[in-house]
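Visitor: In order, the protein sequences belong to chains A and B.
Going by the numbering used here, the first sequence opens with residue 1, and the numbers climb by one from there.
Going by the numbering used here, the second sequence opens with residue 403, and the numbers climb by one from there.
Since the hints were made in silico from the structure, they are not lab data.
Be aware that one or more of the hints could be misleading.
[What the hints assert, rightly or not] Partial list, computed: chain B residues near chain A (C-beta under 7 Å):
# : residue
1 : T577
2 : A593
3 : G617
[Stated by the list, open to error] Non-contacting residues of chain A with respect to chain B, defined by C-beta distances greater than 12 Å in every case (computed):
# : residue
4 : L113
5 : G237
6 : L241
7 : I242
8 : T300
9 : A303
Ideal Cβ positions, reconstructed from N, Cα and C, are used throughout, including at glycine.
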Amino acid sequence: MLTLLSNERFRRYLFQAVFALIVLVFGYVLIANIQTELEGIGLEIFPFVSTKGSFPFIDVSADFLGQRAGFPIDQRAFGFDYTANDSFFRAFVTGLLNTIQVSMIGIVIATVLGVIVGVSRLSSNWLVSSVATLYVETFRNIPLLLQLVFWFLAVFLKAPKFADSLDFFGVAFLSVRGLALPEVHGTSGFGTWMIFVGIAIATSIAVRHLLTRRQDETGKPSYPWWGASGAFLAIAGVSFLILGTPLAVDSPEVGQFSYDGGMTIKPALAALITGLSVYTASFIAEIVRGSVLAIPKGQTEAAQALGFNGFQRLRLVILPQALVIIIPPLTNQYLNLMKNSSLAIAVAFKDLFGVGDVTINQAGQAVPMIALLMATYLSLSLTISAVMNGIYSRLKWRSLRQ
Amino acid sequence: MTLKRSVAILPLLLVGLAVLIFAACGDDDGDATETPSDGTAEPTLTDQPSGSHSQILQDVLDRGRLRCGVNDSVPGFGNLLADASFAGFDIDYCRAIAAAVLGDSELVDYTPLSASARLTAVQTGQIDVLIRNTTWTTTRDAAEGLTYATTTFYDGQGLMVRADSGFTSVDDLATAPICVLEGTTTEVNLATRLPNAEQNSFADNNLLQQAFIDGLCEGWTSDKSQLAGRRSEFPADEGGPEALVILDETFSKEPLGPVTLQNDDQWSDIVNWIVIGTIAAEELGVTSANVADMAAAAPSVAIARLLGVGFEGGEVTDTGLDVDVTFMQDVLAQVGNYGEIYDANVAPIGIVRAGTLNALWTDGGLIYSPPFK
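Build out the structure end to end from the sequences listed, making use of the hints.
Guide: This is the structure in structure tokens:
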């Protein structure tokens, strides 16, 4: 035994085994304890996990998740079909889609806004850089919950009353019930047109590729972006006309209590997306600024020497290099934004957490629901991480190749 | 070979550690739970033989304070006042339990809970009793590990609109946006009564009110008691209470009462009989003003039993509850009977008792005490 303990390899395995054991025992005691307490009042820890049946042993229809939810969710992302008569599980999926929608829109807006503000902070124009600094220092230093309630109560709910809706030429309306916009939707022939759009995209990529190569070979500008756009517009436009305009516009009308037709962006969603993007953008701005500053000054000077103007310097020289530095911290901000979207509950928007919260109350299954919520948020986070890591390794590889 | 043997020891170690930790856990309970030596059976509170001491009662006595889960934004029922004290009908029942169990109605720690957090708070033992306008339903009682005491307030869901809106019936709002509190039974009832209405669910009554004022919703639905409470404090610059009307229709049953954890029958009995005691006191005409005189010389056998005194020098009837036999004397002297609690809290927000379900059964209501003996 002693000789074994003096064996370094064995010792290493032993420590690992002991550590794993401690973690296992701790987890076991924790779960067993919850189980015992719950059984005492007649509840189960994971009612939808059964050791019978087939892998992955999860049967959502068997227990409370399969029961009638009974509560409506008025704002549903991606046109998902859900009524109060559907199951708790379907309500859960509705909440999940709402969270995904809010996160996706929020991430796009926060990124665009963050890049603009971050670059503005570096501007030599005093006013621009001051405004950008003010933006960053204001929004990153106020708690997000407070900002969300502010956007909701002090901004979006202060829109005109429904009876006094602002009328934008009869095609859009704004009031406390929301911003009603015309909605574009496909008619017959839309599917066929989408095929042409696909062809248009493929063609424009090919055109851009060819023109870029000619530009590289001849050294004369052959405007690859113009060519690509032209090719796309030509194919997509002509097929659009041939197919007899496969898109229709559905304009909103003022109804009895809300707007009929079109699409309505309600104050809760607007406040949530605004709050999340504005808040996250202040962090992204700092990441962009830091990454741009991390690019050696010589790069800027070299670009200047080549006669690039300010925008060209940024787009062609600085940002492509800064991007590799930006991505990892940016991933953190995307994850934060997604997780922070659970504050939706403060502005009466039912996201994943909101639906989970109502389900806990209506079905009384706190532990399994919280576990399910945690697992779902974890999966969402890991998905975002995986996507961002994929982009990162591609960019890194490309920047190394150059 | 030696490596193999040490691997075989792992499961043994695991069981041993588990047993050790369980033994430590068992000691914490300070209870008659057996610590199993083989690690198969777990210690539980439910193993107590009936009639033994209540664990929650013991905890309350050890702590010297009652932890009561309440509302903090419903005037008349559970409301946080400007001086940081709590007041209301439900609050008085927390005080009644503290008076009965600890002898002093002020020994209460109030935990304000949101509608969606309240049941979990009982399940996890964060609070000893929940008195927060909580509706008694089958699933909550049976499937969620909770026990309901006698209903203290028979409520029903209503719809409140602006007086100048012109709405006269619930059906007028069939497709209207309506504000509702999240995590309540009213949320589900509304979906049943007006399936095409647009629900805006808020986690908080004050935010809901602001959204209603700003015109997000045409209607505001909740238990009628809550609506009356909120209406009584509607801001004056928005027109005050007169700017709102509660429509006549009541479209759900909402019996509200105290909630306790399911596995502690002794504790649930105590809470239940304190509620019943306040009703019995009103039936018998015992009030906070005359309880001392009646305890000194009980005018009837029923009153003697209620107050835990002997009738005309006779024996004291022991009810078998795990509290002092004179517990109702403390409750009545410090808090009052059902009618007094109602008049002090609910009458001021404008809910007249006469003719409603909350009148005494002798007056045609549903407030009725089983025999207190």
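Visitor: Now, for every hint given, state plainly whether the structure supports it.
Guide: Hint check:
Nearest Cβ of chain A to the Cβ of T577/B: about 6 Å, under the 7 Å cut. The hint holds. Residue-level restraint check for A593/B holds (minimum Cβ-Cβ distance to chain A is 4 Å; threshold 7 Å). At its closest, the beta carbon of G617/B sits 4 Å from a beta carbon of chain A; the interface hint therefore holds under the 7 Å criterion. Distance to chain B confirms L113/A as a non-interface residue, since its nearest Cβ pair spans about 27 Å, more than 12 Å.
For G237/A, the shortest C-beta to C-beta distance to chain B comes to about 40 Å, beyond the 12 Å cut-off, and the non-interface label holds. Against the 12 Å criterion, L241/A stays outside the reach of chain B, whose nearest CB is about 40 Å from its own CB. Remark: the non-interface label on I242/A is consistent with the geometry, its nearest Cβ contact in chain B lying 41 Å away (cut-off 12 Å). With a least beta-carbon separation of about 49 Å from chain B, T300/A lies farther than 12 Å from that chain, consistent with its non-interface assignment.
Remark: the non-interface label on A303/A is consistent with the geometry, its nearest Cβ contact in chain B lying 52 Å away (cut-off 12 Å).
Consistency with the previously given hints is maintained throughout, with no hint failing.
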